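Trainee: Here is what each chain is made of, one letter per residue.
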Amino acid sequence: MSELERTLLRRLRDRDERAFRELVEAHRDRVFNITYRMLGNRAEAEDVAQEVFIAVFKTIDTFREESKFSTWLYRVTVNHCKNRIKYLARRHDRDRDELDEMSPGANAATNGAPARAPQPDRALEGAQMEQLLQDAIANLDDDHRVVVVLRDVEDLSIEEICEITGLPDGTVKSRLHRARLALRKKLQRHVEEPRPARTPKGAPTGSERSKEDR
Amino acid sequence: MTTAEETPVDDEIISTLSDYLDGALAADRRADVEHKLATDSEWKRAHTELRETRDALSGLQKARAPDSFTQDVTATIHKRSAGRFFARRTFGDRVPFSALLVVAVLALVVIGYVMWSSQTGSLKVDPRARPAPTGSAVAPKP
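Just so you know, the sequences run in chain order E and A.
FYI, this note's numbering numbers position 26 of the first sequence as 751, with every residue one higher than the one before it.
FYI, this note's numbering numbers position 3 of the second sequence as 690, with every residue one higher than the one before it.
No lab work stands behind these hints: they were computed from the structure.
Only a predicted model underlies this, so the values are computations on that prediction, with no experimental measurement involved.
Quick reminder that beta carbons are idealized off the backbone N, C-alpha and C, glycines included.
Wrong hints could be hidden among the right ones.
[As the list claims (entries may be wrong)] As a list, the in silico EDC-like pairs of lysine to aspartate or glutamate whose alpha-carbon atoms are at most 20 Å apart:
{"no.": "1", "chain 1": "E", "residue 1": "K910", "chain 2": "A", "residue 2": "D742"}
{"no.": "2", "chain 1": "E", "residue 1": "K911", "chain 2": "A", "residue 2": "D727"}
{"no.": "3", "chain 1": "E", "residue 1": "K793", "chain 2": "E", "residue 2": "E750"}
{"no.": "4", "chain 1": "A", "residue 1": "K749", "chain 2": "E", "residue 2": "E855"}
{"no.": "5", "chain 1": "E", "residue 1": "K910", "chain 2": "A", "residue 2": "E699"}
{"no.": "6", "chain 1": "A", "residue 1": "K749", "chain 2": "E", "residue 2": "D741"}
{"no.": "7", "chain 1": "E", "residue 1": "K911", "chain 2": "A", "residue 2": "D697"}
{"no.": "8", "chain 1": "E", "residue 1": "K910", "chain 2": "A", "residue 2": "E739"}
{"no.": "9", "chain 1": "E", "residue 1": "K910", "chain 2": "A", "residue 2": "E721"}
{"no.": "10", "chain 1": "A", "residue 1": "K766", "chain 2": "E", "residue 2": "E742"}
{"no.": "11", "chain 1": "E", "residue 1": "K911", "chain 2": "A", "residue 2": "E699"}
{"no.": "12", "chain 1": "E", "residue 1": "K807", "chain 2": "E", "residue 2": "D818"}
{"no.": "13", "chain 1": "E", "residue 1": "K910", "chain 2": "A", "residue 2": "D754"}
{"no.": "14", "chain 1": "E", "residue 1": "K911", "chain 2": "A", "residue 2": "D698"}
{"no.": "15", "chain 1": "A", "residue 1": "K766", "chain 2": "E", "residue 2": "E776"}
{"no.": "16", "chain 1": "A", "residue 1": "K766", "chain 2": "E", "residue 2": "D741"}
{"no.": "17", "chain 1": "A", "residue 1": "K749", "chain 2": "E", "residue 2": "E769"}
{"no.": "18", "chain 1": "E", "residue 1": "K783", "chain 2": "A", "residue 2": "D759"}
{"no.": "19", "chain 1": "E", "residue 1": "K911", "chain 2": "A", "residue 2": "E729"}
{"no.": "20", "chain 1": "E", "residue 1": "K910", "chain 2": "A", "residue 2": "D697"}
[To be verified] Derived list of chain E stretches under chain A, where covered just means 3 residues or more per stretch with a C-beta under 8 Å from a C-beta of chain A:
{"no.": "21", "region": "749–761"}
{"no.": "22", "region": "769–777"}
{"no.": "23", "region": "869–878"}
With the hints as constraints, model all of the structure from the sequences given.
Mentor: Take a look at the structure:
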């Protein structure tokens with residue numbers, strides 16, 4: 726840890742507002758990028774990123790300087806993202822249950838995601854590829870999503886990811902392999918065949934839901 | 688992105704190639720993989736796809752926080768803490784809960800002791816316990 730960082734931390738512990746602003750300025754984009762890639766939604770990402778910095782500020786006294794500050798910051802970020810993912814999943818399930826109760830069979834295509842028209846052009850580039858990748862990442866479970874975002878999007882080392890997640894080296898690597906494999910399969914499927922509509926992970930398609938409703 | 692109509696690639700190959708792309712393989716193992724890549728079409732295809740996936744991920748645009756982000760976080764802290772976190776107060780930045788706890792415990796101990804040693808069992812003084820001055824109690828005059 727550099728002397729500059731130590732000084733900043735000391736000022737933070739003294740509740741120096743200017744130090745807090747400096748800290749946020751230095752890390753905001755990276756934290757926001759992680760939250761955005763983890764959550765796939767700008768508003769949620771911004772909210773969680775804010776909560777991360779507030780939590781960091783509130784708990785700065787518990788940071789023991791045994792690891793890099795950024796490692797500790799990313800650990801807080803990842804934990805906040807995982808909590809939000811769980812919260813959103815619970816809310817999504819509850820909303821879906823309520824919708825099911827209100828209008829059984831009528832909401833086959835309204836599972837929180839807009840229906841997407843078939844892609845006539847199979848050359849997925851630029852914004853399309855971006856969206857496709859974001860969707861593919863969002864469909865990974867959170868344990869796999871964390872490692873792939875930290876490694877392949879944020880370009881952190883396996884050692885850093887181990888420190889952030891508290892997982893052993895082997896577990897991080899195996900999750901990374903599985904995540905890449907899953908992403909590869911998802912992207913491959915998109916390239917090979919256009920989908921008529923998008924449904925969230927685990928949600929039955931329109932025809933499946935119709936069968937269930939019968 | 689490579690289109691693939693071939694059979695799915697073994698997970699074990701993906702795992703090895705994943706390590707290969709991360710530079711996590713020992714030299715002999717790496718040479719072995721490079722040989723496979725040069726001779727085995729299945730390995731080559733999987734490598735291309737995996738590398739493309741990884742490159743696509745690392746090429747994702749870096750999402751930037753809104754311009755007002757720092758101001759928003761600071762304002763939120765001010766709002767939630769009513770200025771307690773940043774502003775200096777008469778008694779310091781934070782309420783000294785630990786010191787208050789020690790004082791409270793000491794006060795309870797003292798009150799408890801007084802009550803325990805009191806004849807009335809409370810903090811009130813028993814007026815009967817105070818001996819009334821009697822004649823015998825008066826010291827005889829010499």
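Trainee: Hints first: check each against the structure and report whether it holds.
Mentor: So, going through the hints one by one against the coordinates:
Proximity of E:K910 to A:D742 is assessed by CA-CA distance (about 15 Å); at most 20 Å being required, the pair is judged to hold. A distance of roughly 24 Å separates the Cα atoms of E:K911 and A:D727; the hinted pair therefore is violated under the 20 Å criterion. A C-alpha spacing of about 18 Å is found between E:K793 and E:E750, which places the hinted pair at or below 20 Å, so the restraint holds. Under the criterion of a C-alpha separation no larger than 20 Å, the hint pairing A:K749 with E:E855 is consistent with the structure, at around 11 Å.
Among the hinted pairs, E:K910 with A:E699 is consistent with the structure: their alpha-carbon atoms are about 15 Å apart, no more than 20 Å. Taken as a hint, the A:K749 and E:D741 pair is broken in the structure, with Cα atoms around 29 Å apart against an allowance of 20 Å. For the hint linking E:K911 to A:D697, the alpha-carbon distance of about 16 Å falls within 20 Å, and the restraint holds. Between the alpha carbons of E:K910 and A:E739 the distance comes to roughly 12 Å, so the proposed pair stays at or under 20 Å and holds.
At roughly 23 Å between alpha-carbon atoms, E:K910 and A:E721 are farther apart than 20 Å, so this suggested pair is violated. A threshold of 20 Å between alpha carbons decides the hint, and for A:K766 with E:E742 the separation of about 14 Å falls inside it, so the pair holds. Between E:K911 and A:E699 the CA atoms are separated by roughly 18 Å; this keeps the pair inside 20 Å, and the hint holds. Under the criterion of a C-alpha separation no larger than 20 Å, the hint pairing E:K807 with E:D818 is consistent with the structure, at around 17 Å.
The suggested pairing of E:K910 with A:D754 is violated, with an alpha-carbon distance near 37 Å, which exceeds 20 Å. As the CA atoms of E:K911 and A:D698 are separated by approximately 15 Å, the hinted pair is consistent with the 20 Å bound. At most 20 Å may separate the alpha-carbon atoms for a hinted pair to count; A:K766 and E:E776 meet this at roughly 13 Å. For the proposed pair A:K766 and E:D741, the alpha carbon gap of about 16 Å is at most 20 Å, so the pair holds.
Under the criterion of a C-alpha separation no larger than 20 Å, the hint pairing A:K749 with E:E769 is consistent with the structure, at around 16 Å. Between E:K783 and A:D759 the CA atoms are separated by roughly 16 Å; this keeps the pair inside 20 Å, and the hint holds. Restraint check for E:K911 and A:E729: the C-alpha separation of about 19 Å stays at or below 20 Å, so the hint holds. Distance check on the hinted pair: E:K910 and A:D697 sit about 12 Å apart at the alpha-carbon level, within 20 Å; holds.
For the region 749–761 of chain E, the proposed coverage by chain A is satisfied: 8 residues have a C-beta within less than 8 Å of a C-beta in that chain, meeting the threshold of three. Coverage of the region 769–777 of chain E by chain A holds in this model, with 4 residues showing a Cβ closer than 8 Å to a Cβ of that chain against a need of three. Check result for the region 869–878 of chain E against chain A: holds, 4 residues qualifying (beta carbon to beta carbon below 8 Å, three or more required).
Checked against the numbered hints above, the structure breaks hints 2, 6, 9, 13 and satisfies the rest.
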